[in-house]
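Enquirer: If you want the building blocks of each chain, they are given just below.
There are 2 protein chains.
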Amino acid sequence: MRVSREQAALNRERIVDVAAKLFREKGYDGIGVADLMKGAGLTHGGFYGHFESKEDLLAEACAKAIAYSVEHWRRRIDRNPGDPLGELARSYLSEMHRDNAGAGCVIASLGPDVARAGKPVQHALTGGVKAQLDMLAQALPGEPEEARRRAIASYAAMIGGLVLARAVDDPELSKELLAATVAQLEQA
Amino acid sequence: MRVSREQAALNRERIVDVAAKLFREKGYDGIGVADLMKGAGLTHGGFYGHFESKEDLLAEACAKAIAYSVEHWRRRIDRNPGDPLGELARSYLSEMHRDNAGAGCVIASLGPDVARAGKPVQHALTGGVKAQLDMLAQALPGEPEEARRRAIASYAAMIGGLVLARAVDDPELSKELLAATVAQLEQA
DNA sequence: ATTATCTATAGATCTATAGATAATGC
DNA sequence: ATTATCTATAGATCTATAGATAATGC
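So the protein lines, in turn, are chains C and V. For the first sequence, our numbering gives the first residue as 44, with consecutive numbering after it. For the second sequence, our numbering gives the first residue as 44, with consecutive numbering after it.
A couple of the hints might just be wrong.
Which copy is meant is left open, because identical chains are indistinguishable; a pair holds if it fits in one copy or across any two.
Stated by the list, open to error - Lysine-lysine pairs mimicking PhoX-like chemistry, simulated, CA-CA at most 25 Å apart:
| no. | residue 1 | residue 2 |
| --- | --- | --- |
| 1 | Lys97 | Lys69 |
| 2 | Lys81 | Lys64 |
| 3 | Lys81 | Lys107 |
| 4 | Lys173 | Lys162 |
| 5 | Lys81 | Lys218 |
| 6 | Lys218 | Lys97 |
| 7 | Lys173 | Lys218 |
| 8 | Lys218 | Lys69 |
| 9 | Lys162 | Lys81 |
| 10 | Lys162 | Lys64 |
| 11 | Lys173 | Lys81 |
| 12 | Lys162 | Lys218 |
| 13 | Lys162 | Lys69 |
| 14 | Lys173 | Lys107 |
Read the hints as simulated data drawn from the structure, not as lab findings.
Build the full structure now, drawing on both the sequences and the hints.
Expert: This is how it looks when you write it as structure tokens:
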């Protein structure tokens with residue numbers, strides 16, 4: 044039954060990865076500890092050897108998801124430094140992202156859950172948000188103050204556009220919401 | 044125990060109102076049928092005489108919340124037809140709205156829950172979203188196509204800005220997110 | 001000897017239903 | 001007679017813990 048220290052650390056990482064995916068797919072209250080552990084190939088009794096509580100795991104899962112997102116943004120911006128906003132918007136506001144919440148932006152899928160969670164969870168997200176805003180503001184041309192305002196408003200438009208596109212019932216409207224937000228950000 | 048038909052209809056409305064508030068505050072899975080009924084001054088056994096299921100109530104609560112929001116937007120736009128976007132943005136992206144999710148925008152607080160819910164729930168929201176977009180697009184100057192794109196991107200920025208401002212841990216950053224998004228929409 | 005994981009369970013909660021009760025509406 | 005609400009409960013699920021097991025690490 045017992046595994047090596049190394050294997051235990053890998054197991055722990057796998058629990059966080061599974062949680063990061065399933066929380067984003069089903070919401071924090073939409074998946075239980077037992078199913079998370081099953082997803083990682085373990086039984087649920089072992090959970091509390093790795094984490095203090097389910098909310099503790101949420102904080103770690105959010106931290107990992109947003110860190111991954113920061114790296115993704117960095118690569119996108121480096122790939123197309125002349126049009127960072129268009130590059131990010133086209134990828135963020137894609138049908139693929141809309142239909143893959145489990146691997147997508149943690150704010151668009153768990154933002155309200157995080158808002159209702161404890162401070163440690165919110166703190167885990169905030170660092171990544173700041174990093175992404177700083178990164179985007181630096182990549183935008185013009186006065187620093189104006190660039191930062193544009194970075195914030197553009198980030199907000201991407202998140203809101205994705206939340207809307209996922210929530211509506213009408214497939215044509217959903218596509219229009221994505222396309223219109225991209226178009227507006229491309230010309231901004 | 045039994046009440047009049049009229050009183051029963053009022054009770055039903057009160058259940059929907061309580062649900063619209065508590066779902067937005069605590070999330071769909073964050074509040075149970077028993078507590079919703081208690082909030083309406085009833086016992087939980089009576090719930091299923093009024094609704095087929097908890098998700099059925101979610102659909103009604105979303106419909107009522109978004110309908111109220113549509114009316115709110117109409118009044119705001121009528122009050123300041125020369126600057127509909129600034130008028131809406133300053134109210135939507137206020138600290139008061141941020142700190143009062145239970146009475147606020149249903150998309151910013153329940154968007155991801157709705158995305159994970161069944162079609163009837165999503166359908167209940169979609170009508171209101173269309174109404175708000177049409178209303179805002181009509182109120183904006185310029186070519187109709189461009190006005191609609193701006194309406195969509197502005198709506199998205201408001202929702203995303205509020206979700207972000209609620210999710211972060213840092214009060215200064217939260218304020219900046221609201222203010223920067225407002226400023227950007229005012230000059231747009 | 002230590003410890004990562006397991007089985008089993010406590011205790012609380014959840015949605016939904018069954019059947020009793022008592023007031024309305026005919 | 002009908003029905004809105006009540007009490008009580010079924011059956012499933014939830015988070016968290018206790019204690020056993022068996023392999024690691026000294």
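Enquirer: State for each hint whether it applies.
Expert: Right, here's what the structure says about each hint:
1. For the identical chains of this complex, Lys97 and Lys69 are neighbours both inside a copy (15 Å) and across copies (17 Å), given an alpha-carbon limit of 25 Å.
2. In this assembly of identical chains, Lys81 and Lys64 lie within 25 Å of each other by CA distance solely inside one copy; the values are 13 Å within and 35 Å between copies.
3. Proximity of Lys81 and Lys107 under a CA criterion of 25 Å is satisfied intra-copy only: 20 Å inside one chain copy versus 39 Å between copies.
4. When the C-alpha separation of Lys173 and Lys162 is checked against a cutoff of 25 Å, the pair qualifies only within one copy, where the shortest distance is 16 Å, while the shortest distance between copies is 35 Å.
5. Taking the closest pair of Cα atoms, Lys81 and Lys218 never come within 25 Å of each other, the shortest separation being 35 Å inside a single copy and 41 Å across copies.
6. Proximity of Lys218 and Lys97 under a CA criterion of 25 Å is satisfied in neither setting, with 35 Å inside one chain copy and 29 Å between copies.
7. For the identical chains of this complex, Lys173 and Lys218 are inter-copy neighbours only, at 13 Å across copies versus 29 Å inside a copy, given an alpha-carbon limit of 25 Å.
8. For the identical chains of this complex, Lys218 and Lys69 are intra-copy neighbours only, at 23 Å inside a copy versus 30 Å across copies, given an alpha-carbon limit of 25 Å.
9. In this homomeric assembly, Lys162 and Lys81 never come within 25 Å of each other (Cα to Cα): the closest approach is 28 Å inside a single copy and 29 Å across copies.
10. Taking identical chains as interchangeable, the C-alpha atoms of Lys162 and Lys64 lie at most 25 Å apart whether they share a chain (21 Å) or sit on different chains (23 Å).
11. Taking CA atoms no more than 25 Å apart as the test, Lys173 paired with Lys81 passes in neither setting, with 34 Å inside one copy and 41 Å between copies.
12. Taking the closest pair of Cα atoms, Lys162 and Lys218 come within 25 Å of each other only across two copies (17 Å); inside a single copy the shortest separation is 35 Å, beyond that limit.
13. In this homomeric assembly, Lys162 and Lys69 come within 25 Å of each other (Cα to Cα) both inside a single copy, at 22 Å, and across copies, at 16 Å.
14. Taking identical chains as interchangeable, the C-alpha atoms of Lys173 and Lys107 lie at most 25 Å apart only when both belong to the same chain, with a minimum of 15 Å there against 36 Å between chains.
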